[in-house]
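A.B. asks: Make a model of the complete structure from these sequences and hints.
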Amino acid sequence: MISILFLLQLLVNSPEVPAKDLEFTSSPIDIREELISDEGLVLLQKHCYACHNPKSKSHDEIIAPPLWGMKKHYLEAYPEKAEFEKAMMNFIQNPTEEKALMKGPIKRFGLMPKPAVSNEDLQKIVSYIYANEIENPAWHIEKDNQKKNKSGGLR
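Residue numbers (numbering that gives the first Met the number 0): 0 to 154.
Hints were generated in silico from the structure; no laboratory data involved. A few of these clues could be false.
No more than 16 Å apart at the CA atoms, straight line, and that leaves these computed lysine to aspartate or glutamate pairs for EDC-like [unchecked claim]:
1) Lys-45 / Glu-119
2) Lys-71 / Glu-132
3) Lys-85 / Glu-75
Computed beta-carbon distance windows for the label pairs [said to hold, decoys possible]:
4) Asn-118 / Asp-59: 12 to 22 Å
5) Glu-79 / Asp-59: 30 to 40 Å
6) Asn-93 / Ala-137: 13 to 23 Å
7) Leu-100 / Ile-62: 30 to 40 Å
8) Ala-81 / Lys-56: 30 to 40 Å
We put the beta carbon where it would ideally sit given N, CA and C, even for glycine.
C.D. replies: Right under this line is the structure:
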């Protein structure tokens, strides 16, 4: 109770700051996008990491391709946000071999099942993937480094 009274006293006795002197670092739109992004990460972890977990220990342990590689392929084919999100959403909502950008993983893992996630949540996940850095599994980084060393440099 004392702390509430103390806070009230501070509010009453504090000098009023004119609105023009207040400095805002984020707009309401920025804050909304940040909240959606955070929600996108939570949904990604909940719905996607069961198969696409970046914490997998080895190539032999995975049951689907790493999201890092998937994002890389989608960005190469669809660099613009709207195109990227539309293509990824289209594939995830109804996965088919014809729509797949990565044919190798389909041969190894088979076609992914249609996930049990709403379109609204899926949009948040796909937006998060586009807008944020996706973790590349340590074993994948090591595998790429070995390829670079064998080939004498970058591919």
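A.B. asks: Give a verdict on every hint.
C.D. replies: Results of checking the hints against the structure:
1. Taken as a hint, the Lys-45 and Glu-119 pair is honoured in the structure, with Cα atoms around 15 Å apart against an allowance of 16 Å.
2. Among the hinted pairs, Lys-71 with Glu-132 is consistent with the structure: their alpha-carbon atoms are about 10 Å apart, no more than 16 Å.
3. A C-alpha spacing of about 14 Å is found between Lys-85 and Glu-75, which places the hinted pair at or below 16 Å, so the restraint holds.
4. Hint check: Asn-118 to Asp-59, Cβ distance near 34 Å, so the stated range 12 to 22 Å is violated.
5. Remark: the range hint 30 to 40 Å for Glu-79 to Asp-59 is upheld by a beta-carbon distance near 36 Å.
6. For the pair Asn-93 and Ala-137, the beta carbons lie near 33 Å from each other, so the given range of 13 to 23 Å is not met.
7. Distance hint check for Leu-100 and Ile-62: the Cβ-Cβ separation is about 19 Å, which falls outside the suggested range of 30 to 40 Å.
8. For the hinted restraint 30 to 40 Å between Ala-81 and Lys-56, the CB-CB distance of approximately 36 Å keeps it satisfied.
Consistency note: the structure conflicts with the earlier hints numbered 4, 6 and 7.
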